[in-house]
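Enquirer: We have chain V already, so just place chain D on it with the hints.
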Amino acid sequence: DAGVIQSPRHEVTEMGQEVTLRCKPISGHNSLFWYRQTMMRGLELLIYFNNNVPIDDSGMPEDRFSAKMPNASFSTLKIQPSEPRDSAVYFCASSLSRTGVGNTIYFGEGSWLTVV
Amino acid sequence: GESVGLHLPTLSVQEGDNSIINCAYSNSASDYFIWYKQESGKGPQFIIDIRSNMDKRQGQRVTVLLNKTVKHLSLQIAATQPGDSAVYFCAENTMNRDDKIIFGKGTRLHILP
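Chains as they are written, first to last, in our numbering: chain V, 27 to 142; chain D, 4 to 116.
It is possible that some hints are incorrect.
Below, simulated DSSO-like cross-link-like pairs (lysine-lysine); rule was C-alpha separation at most 30 Å, straight line [as the list claims (entries may be wrong)]: (1) V/K104 / D/K71; (2) D/K74 / D/K59; (3) D/K103 / V/K50; (4) V/K50 / D/K71; (5) D/K59 / V/K104; (6) D/K45 / D/K103; (7) D/K103 / D/K74; (8) D/K59 / D/K71; (9) D/K45 / D/K74; (10) D/K59 / D/K108; (11) V/K94 / D/K45; (12) V/K104 / D/K74; (13) D/K71 / D/K103; (14) V/K50 / V/K104; (15) D/K108 / D/K45; (16) V/K94 / D/K59; (17) V/K104 / V/K94; (18) D/K45 / D/K59; (19) D/K71 / D/K108; (20) D/K74 / D/K108; (21) D/K103 / D/K59; (22) D/K108 / V/K94; (23) V/K50 / D/K45; (24) V/K94 / V/K50.
Residues from chain V shown here face chain D by an in silico Cβ test under 10 Å; the list is partial [said to hold, decoys possible]: (25) G29; (26) Q32; (27) S33; (28) S53; (29) S57; (30) F59; (31) M65; (32) L71; (33) Y74; (34) N78; (35) P80; (36) D82; (37) M86; (38) C118; (39) A119; (40) I131.
These are calculated hints, taken from the structure and not from any lab test.
Cβ coordinates follow ideal geometry from the N, Cα and C atoms, glycine included.
Here chain V stands alone, though its shape is the one from the complex:
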């Protein structure tokens, strides 16, 4: 079975440019998560969706970050304009969320972003 698929795997961009990261969750999963991982802050939850609706975006750093989920099989995380401090690994994860059942999320391989 295909896991969570992310693209691009690696991106190097100049400060000020727009960055778009893409994610295809596992088929049948109804929750999708975007995490950012850095040495300084570890794994931080940025935003998560349930049934394509954003539920909690309290982890989104600032207005330069936005995320969308237009349908059950696709999500984007956009940074505009990008800054060097945005350099990190961005992970997408998905899960089959059910009330009263522990939520196990499955991660993609990550998008390694470097802003110079």
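Expert: Below, chain D alone, put in the same frame as chain V:
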């Protein structure tokens, strides 16, 4: 206090020995806990989970122990192998409230030959 992120705690274990990785969780309302393994250059992978109504759960070569009184979780790996080298994260969730999974800082497991 704990340093913020620059250096992960590292556990060095001789190959073939048992490893015990510890985690203190923060939210007393959390009722579901997961251990993830992250190898270099990859995303975190699910290892084992446990609900708060259990104290212990065993998998293949791994055992998770939960002590709710002191909000402590541990992962035991039997007969540690070179392929166990990775960073291990504990994560917590509150099942009936929301889907948020909050991760701990992680522990690096280093296998000595």
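Enquirer: Against each hint, give a clear statement of whether it holds in the structure.
Expert: Going through the hints against the structure:
1. Only pairs whose Cα atoms come within 30 Å are accepted, and V/K104 paired with D/K71 is rejected, the gap being roughly 39 Å.
2. With a C-alpha separation of about 14 Å, the suggested pairing of D/K74 with D/K59 holds against the 30 Å cut-off.
3. Taking the CA atoms of D/K103 and V/K50, the gap is about 19 Å. The hint holds against a cut of 30 Å.
4. For the suggested pair V/K50 and D/K71, the alpha carbons sit about 36 Å apart, so the restraint of at most 30 Å is broken.
5. This hinted pair does not check out: D/K59 and V/K104 have alpha carbons roughly 41 Å apart, beyond 30 Å.
6. With a C-alpha separation of about 21 Å, the suggested pair D/K45 and D/K103 falls inside the 30 Å cut-off, and the hint holds.
7. In summary, the hint linking D/K103 to D/K74 is supported, as the alpha carbons are separated by about 18 Å, within the 30 Å threshold.
8. For the hint pairing D/K59 with D/K71, the CA-to-CA distance comes to about 11 Å; that is within 30 Å, so the pair holds.
9. A threshold of 30 Å between alpha carbons decides the hint, and for D/K45 with D/K74 the separation of about 29 Å falls inside it, so the pair holds.
10. For the suggested pair D/K59 and D/K108, the alpha carbons sit about 22 Å apart, so the restraint of at most 30 Å is met.
11. Restraint check: the Cα-Cα separation between V/K94 and D/K45 comes to about 24 Å, which is no more than 30 Å; the hinted pair holds.
12. Between V/K104 and D/K74 the CA atoms are separated by roughly 37 Å; this puts the pair beyond 30 Å, and the hint is violated.
13. Proposed proximity of D/K71 and D/K103 is supported: the alpha carbons are some 19 Å apart, at most 30 Å.
14. The hinted pair formed by V/K50 and V/K104 meets the criterion: a straight-line CA distance of about 15 Å does not exceed 30 Å.
15. For the given pair, D/K108 sits about 17 Å from D/K45 by alpha-carbon distance, which is consistent with the 30 Å threshold.
16. Using a Cα cut-off of 30 Å, the hinted pair V/K94 and D/K59 is violated, with the two alpha carbons roughly 39 Å apart.
17. Between the alpha carbons of V/K104 and V/K94 the distance comes to roughly 8 Å, so the proposed pair stays at or under 30 Å and holds.
18. Distance hint between D/K45 and D/K59 is fulfilled; the C-alpha atoms sit about 28 Å from each other, no more than 30 Å.
19. Distance check on the hinted pair: D/K71 and D/K108 sit about 19 Å apart at the alpha-carbon level, within 30 Å; holds.
20. Our distance criterion of 30 Å between C-alpha atoms is met by D/K74 and D/K108, whose separation comes to about 15 Å.
21. A C-alpha spacing of about 23 Å is found between D/K103 and D/K59, which places the hinted pair at or below 30 Å, so the restraint holds.
22. Pair hint D/K108 plus V/K94 holds up; C-alpha atoms about 28 Å apart against a cutoff of 30 Å.
23. This hinted pair checks out: V/K50 and D/K45 have alpha carbons roughly 17 Å apart, not beyond 30 Å.
24. Taking the CA atoms of V/K94 and V/K50, the gap is about 12 Å. The hint holds against a cut of 30 Å.
25. Because the beta carbon of V/G29 sits about 9 Å from the nearest beta carbon in chain D, less than 10 Å, this interface hint is met.
26. The criterion of a C-beta within 10 Å of any C-beta in chain D is met by V/Q32, whose closest approach is roughly 8 Å, and the hint holds.
27. Interface hint status for V/S33: violated, as the beta-carbon distance to the closest one in chain D is roughly 14 Å, over 10 Å.
28. The closest approach between the C-beta of V/S53 and any C-beta of chain D is roughly 18 Å, which is over the 10 Å cut-off, so the hint fails.
29. Against a cut-off of 10 Å between C-beta atoms, the interface hint on V/S57 holds, since the closest Cβ of chain D lies about 5 Å away.
30. Satisfaction of the interface hint for V/F59 is found here, the shortest Cβ-Cβ separation to chain D being roughly 7 Å, below the 10 Å cut-off.
31. Interface hint status for V/M65: upheld, as the beta-carbon distance to the closest one in chain D is roughly 6 Å, under 10 Å.
32. Among the interface hints, the one on V/L71 holds; its C-beta lies about 6 Å from the nearest C-beta in chain D, closer than the 10 Å criterion.
33. Using the Cβ-Cβ criterion of 10 Å, the hint placing V/Y74 at the interface with chain D is satisfied: the shortest such distance is roughly 6 Å.
34. Here the hint on V/N78 is broken, as its CB sits about 14 Å from the closest CB of chain D, past 10 Å.
35. Of the supplied interface hints, the one on V/P80 is violated, with its beta-carbon coming no nearer than about 12 Å to a beta-carbon of chain D, more than 10 Å.
36. Residue-level restraint check for V/D82 holds (minimum Cβ-Cβ distance to chain D is 6 Å; threshold 10 Å).
37. Given hint, V/M86 at the interface with chain D, is violated; its Cβ is 14 Å from that chain's nearest Cβ, farther than 10 Å.
38. For V/C118, the shortest C-beta to C-beta distance to chain D is roughly 9 Å, which falls under 10 Å, so the interface hint holds.
39. Satisfaction of the interface hint for V/A119 is found here, the shortest Cβ-Cβ separation to chain D being roughly 8 Å, below the 10 Å cut-off.
40. Here the hint on V/I131 is kept, as its CB sits about 5 Å from the closest CB of chain D, short of 10 Å.
Checked against the numbered hints above, the structure breaks hints 1, 4, 5, 12, 16, 27, 28, 34, 35 and 37 and satisfies the rest.
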